[in-house]
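Undergrad: Work out the full structure, taking the sequences as your base and the hints as a guide.
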Amino acid sequence: IKMAGDSRFPDVDTDGSEINEETEIVVNVGGVRQVFYGDNLNQYPETRLAELINCLSGGYDSIFSLCDDYDPGKKEFYFDRDPDAFKCIIEVYYFGEIHMKKGICPICFKNEMEFWKVDLKFLDDCCKTHLSEKNEELEEIARRVQLILDDLGVDASESRWKRCQKYIWKFLEKPESSYPARVIAVLSFLFILISSIVMCVGTIPELQVSDAEGNRMEHPTLDSIETACIGWFTMEYVLRLISSPNKLHFALSFMNIVDVLAILPFYVSLTLTHLGAKLMELSNVQQAVQALRIMRIARIFKLARHSSGLQTLTYALKRSFKELGLLLMYLAVGIFVFSALGYTMEQSHPETLFKSIPQSFWWAIITMTTVGYGDIYPKTTLGKLNAAISFLCGVIAIALPIHPIINNFVRYYNKQRVLETAAKHELELMELNSAEGKAASSKSELEDLARGGKEGSFYNSRLKVSHSDTFIHLLSEEKHYRTRLQSCK
136 IKMAGDSRFP
146 DVDTDGSEIN
156 EETEIVVNVG
166 GVRQVFYGDN
176 LNQYPETRLA
186 ELINCLSGGY
196 DSIFSLCDDY
206 DPGKKEFYFD
216 RDPDAFKCII
226 EVYYFGEIHM
236 KKGICPICFK
246 NEMEFWKVDL
256 KFLDDCCKTH
266 LSEKNEELEE
276 IARRVQLILD
286 DLGVDASESR
296 WKRCQKYIWK
306 FLEKPESSYP
316 ARVIAVLSFL
326 FILISSIVMC
336 VGTIPELQVS
346 DAEGNRMEHP
356 TLDSIETACI
366 GWFTMEYVLR
376 LISSPNKLHF
386 ALSFMNIVDV
396 LAILPFYVSL
406 TLTHLGAKLM
416 ELSNVQQAVQ
426 ALRIMRIARI
436 FKLARHSSGL
446 QTLTYALKRS
456 FKELGLLLMY
466 LAVGIFVFSA
476 LGYTMEQSHP
486 ETLFKSIPQS
496 FWWAIITMTT
506 VGYGDIYPKT
516 TLGKLNAAIS
526 FLCGVIAIAL
536 PIHPIINNFV
546 RYYNKQRVLE
556 TAAKHELELM
566 ELNSAEGKAA
576 SSKSELEDLA
586 RGGKEGSFYN
596 SRLKVSHSDT
606 FIHLLSEEKH
616 YRTRLQSCK
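Each residue of the sequence shown is one higher than the last, beginning at 136 in my numbering.
Read the hints as simulated data drawn from the structure, not as lab findings. Treat the hints loosely; a few may be bogus.
Said to hold, decoys possible - Beta-carbon label-pair distances, calculated as ranges:
| # | residue 1 | residue 2 | range |
| --- | --- | --- | --- |
| 1 | Ile537 | Leu405 | 23 to 33 Å |
| 2 | Ile392 | Asp510 | 49 to 59 Å |
| 3 | Leu445 | Asp510 | 33 to 43 Å |
| 4 | Leu255 | Gln169 | 47 to 57 Å |
| 5 | Leu520 | Lys237 | 26 to 36 Å |
| 6 | Thr362 | Ile500 | 17 to 27 Å |
| 7 | Leu325 | Val373 | 37 to 47 Å |
Unchecked claim - Below, a list of computed lysine-lysine pairs in the BS3-like style, where the Cα atoms sit at most 27 Å apart:
| # | residue 1 | residue 2 |
| --- | --- | --- |
| 8 | Lys252 | Lys209 |
| 9 | Lys309 | Lys519 |
| 10 | Lys256 | Lys269 |
| 11 | Lys269 | Lys457 |
| 12 | Lys237 | Lys222 |
| 13 | Lys245 | Lys269 |
| 14 | Lys222 | Lys252 |
| 15 | Lys453 | Lys269 |
| 16 | Lys269 | Lys236 |
| 17 | Lys453 | Lys297 |
| 18 | Lys263 | Lys252 |
Even for Gly, the Cβ is constructed at its ideal location relative to N, Cα and C.
TA: Right, here's the structure in full:
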C-alpha cells in the first residue's frame, strides 16, 4: 500500500485530463471487477464510489482513505468487501433503488450499505421489512441473554429483600433455572390437572351425595382435594405477585388474570355460602354458587404457562386475526343467504321444519360447518339442492384461511426455537471468552508476580469485552466487566 511520502509508487496520474462525467472508475470488490463512469456516480455524490472520482486528484493519502489498495498501472481500486452485496448496492446508480437478494444476511447487507455510504432510504420496502424483522430478532436475543445474565449476577448494592424477591421470582417463573424450580413447575402442572379432573369427576351423579335438604352436592373428599388445589394456586399467585418486579404489569397480564379467575370463584362461593344465607334466600345463594363454579374451567388455561406449544398457538391465532375475520365474514354471508333460500324453498311443503329465517340460521350453521345434527332438514328437492350447495360453500370457506394460520404457527414456532438456540449460543460464546480471559489473566498474573508487580495485564485482561456474531452489543461495557469478573472468580 502506498504510504504518504513513499517514493516506491509513482504519483497519481490522471493523464492530464480533467475529472469529468466521462471519467472512468475501475473497482475490484472481492474479485468482482466493475467499471463506472462519472455521470453515473455523480448522481449520488455523498457515496463512497462517487468520492473515488475526486480522490484521484488528491494523491495517495486521499485514495487509501477510501479503498484498501490501488493499482496505479491499471488505475484500479481494490476493496476487500462482500461482492454479492456490492452487486446489489450498485443498482442504486442505475435504477435508483436497491433490492437485497436471497441468501444475504440483512445485518451484513446493512453494514455494507453503511460502508459504501448509501442511505437506507434507497432500500426497497420489502427488503426494509426483512431487515427490521432481523433487527427485532437480534434485539430479542439480546433481551433474553440480558435476562439470563441478570439472573446469574448478584448486585451487592441491593438489599436482602430485593435479592430475596429476585430469587423467588426466578424460582417460580423460570423452571429451567434450577432443579428445585423444575420440581415446583411439575407440581404446579399436576395441581392444575388434578383440579381439572376433580371438577369433571364431581359432576358424576354416582359420586355425589345429598345434603340435609336433599340437594345433590359434590363428595366431601373431592371438596377437600379442591380446597388443597386452591390453596396451592393462592400461595403461588401471592408469592409471584410479591416478588414481581412490576406489579401493575403482572396484575394486568392475561395469564395472571386467568390465575385470578381460577381461584376467585372458590372464595366468592365460600363467602356466599357462609354469609350470603343471612342476606338472601338460600336458593338464590345456591344458584349464584353454581354460576361461579362454572368459572372453574378457566384454570385449564393455566396449562398454557407450562406449554410453549399453547403459547405459540395463541400467538399464531393473534397474528391470524385478519384470516379469522375473513372466515367469519364468509360464514356470516353464507349463513344469511342459504338460510333465507332454505326458508323460501321449504314453504311449499306442508310439514316444513323451517318456521322462520332466524330459525333457519341454525340449520345453515350446522350445514356449512359440516356438523348436520338432523333436527332441521329440507324436505323439498330445491331445499335439498340448496343444502348441498351450502355444504360445499362451507367446506371451501373454512379451508381457505387454514393454510395461512398453519404457516403463522410454523413460522413463529421455528422462530422461537431459533431465538432460544441463538441465545444459548451467545451465552456459550461469553463463557468461552470468559474462560480464555481467565486463563490469560492467570498467566499474566504469574508473570507480574514474578516481576514483583500485580498491576497491568491481569486487570486489563478482565476488561476485554467479548463481541458475538450478532453484530449488536448485547451488554454495556460495565455489565460485561461485572459479568466477566463473576465468571473469573
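Undergrad: Where does the structure disagree with the numbered hints, that is, which hint numbers, in rising order?
TA: 1, 2, 4, 5, 6, 7, 9 and 17
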